[in-house]
Structure formats: C-alpha cells, structure tokens
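K.L.:
In case it helps, mature numbering (1 follows the signal peptide of the UniProt record, and there is no 0) puts the sequence shown at residues -20 to -1, 1 to 230.
Don't read these hints as lab results, they were simulated from the structure. Every residue gets a Cβ at the ideal spot worked out from N, C-alpha and C, and that includes glycine. It cannot be assumed that every hint is accurate.
[Claimed, not checked] Ranges of calculated distance between the beta carbons of each label pair, as one might list FRET restraints: (1) 41 x 107: 31 to 41 Å; (2) 125 x 74: 34 to 44 Å; (3) 105 x 126: 25 to 35 Å; (4) 82 x 125: 18 to 28 Å; (5) 110 x 51: 38 to 48 Å; (6) 69 x 97: 30 to 40 Å; (7) 137 x 68: 22 to 32 Å.
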Amino acid sequence: MLSSVFTLALVLIPSTLVLAQGDLSAANNLTDLEGTWSSNSAISTGGTFCTPAEMKFDYPNNTGMSYSFTNDGYFEEAAYRYNANASNPACIQAIIYWQHGTYSLNDNGSITLYPFGSDGRIQVQDPCAATTNIITYYNQQTMFSDWGIIVDPDTMNYQLRLNRFDGAKLPYMNLIARPPNMLPTQVLTGVNASGQTNTRKRSLTSSPLEYFKRSSASPKYALSTSSPTSAVVGFVGVVGSLVVGLIALF
C-alpha cells in the first residue's frame, strides 16, 4: 500500500526540468533548445554585439551572457563580465567576448561547442595592466556537463540552465527570441566565399598581444638613411622624378 502511494506521488510531481537525451526534438525536451537565451536583457547574440571583421564590440549597458542555438547544430555565444581585484579594488578587469560555430549533443547529456577559430573575438580592459586595452582572437571549445529547460514560475517563461564541465552552474538564461538572433552561421573572417584567404586576417603564429602594444622603437622606413650609399641613391631617385615631371610639363 505504501509503495503504491509513493508511486502515485512521483506521478503527480510536475516534470518541469527535462535533461538532454541526445536529441533536440520537442518529444524529448520541455521545449526546443532553438532560440536566443540571455541572463540579462541587455546582452544578446546577433546584432552589433560584435563585428568580427572590424575587431569591434558594441558594449552593452550591463554584464551578462547569452547563447543562441539552432536545431541544425549551430551556436553563438556573447558574454560581458567583470573580474574584481581583491588586492587593489581600483583594478577591475572588464572582459567581453564572442564566438560562434557548431555544437553537438552527446549521449551522456552533455553539450560540446566547436567554435570557428578565425571568427571569435575577445577584448580585455585592465586599467592597471601594462597594456590597458587588448582585443584579439578568441577560440574556446566548451563542454557543458548537462543542461535543462524549465518554466520559470515567476515569469512563466522558458528558462535554460547550463552546468559547466566541472558541475558549476551558469546564470539562468531566459528565452528572449525564437527564431534566434544570430550572425550568419558560417565562417565570417579568414576565408572568403571563394575559399581564398582574407588578407585582413592577422597571423595567429605570433603573440596576439603584440598587435596592440605600442612599440618603443623608432619608426621603420622603407629606405634606410644609415648608409651614405642609400642616401645618395634616394637623392638621385628624387631628382630623377622631378626631371621626368618637368619634361612632361613641356
């Protein structure tokens, strides 16, 4: 008798949290993962949050994170946060980053994000660092150990809950758009539509920090003036150009 009562109680418990079952269909989830999810209405993927080709961010009014997913395997991530400095409270570090790519739902209930390496961007502002403002490439493969979608009892809106690979809980994110707000789900920089390398892409073999540090060395010129011979050659070249110009006038 007690066993029957316990079984009935389990049936009556509302199953609002549904963990991933290796498939995105509505039959296996409270709702589709597809959409834009945000911990703060000021943060959203898509739009002008990041313009990868211009290495530029459009800073939101508040911190937070946002993820977008499509049902055919693409994701986009946008985040803005502060890192406090306990030893020096004035040295608050601001970090903003964006990336997109593909993702997979794994049979053990985890999600793995595979970003397009040439597109991700991150900007770090630290008033106490040697270089106070750095923007460079960002390529961070991520795994969430598990995830679930519930109906928030306060807002009656769908809410996405993600746990990091180590089990730490991320801020809850509410569904703010469906279909999702996303930039095109393809590589945007580095390689153009014809498959040729984009010449604006910086080399990733050097330290990305070097791109944004001011050098203390003297400016480099195409013509060296340290050698007398080079100086004479340069002078002759200039005179020759003037003569050709005068001849052209007459």
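K.L.:
Find the hints from earlier in the document that the structure breaks and name them by number, from lowest to highest.
P.N.:
Violated: hints 1, 2, 7.
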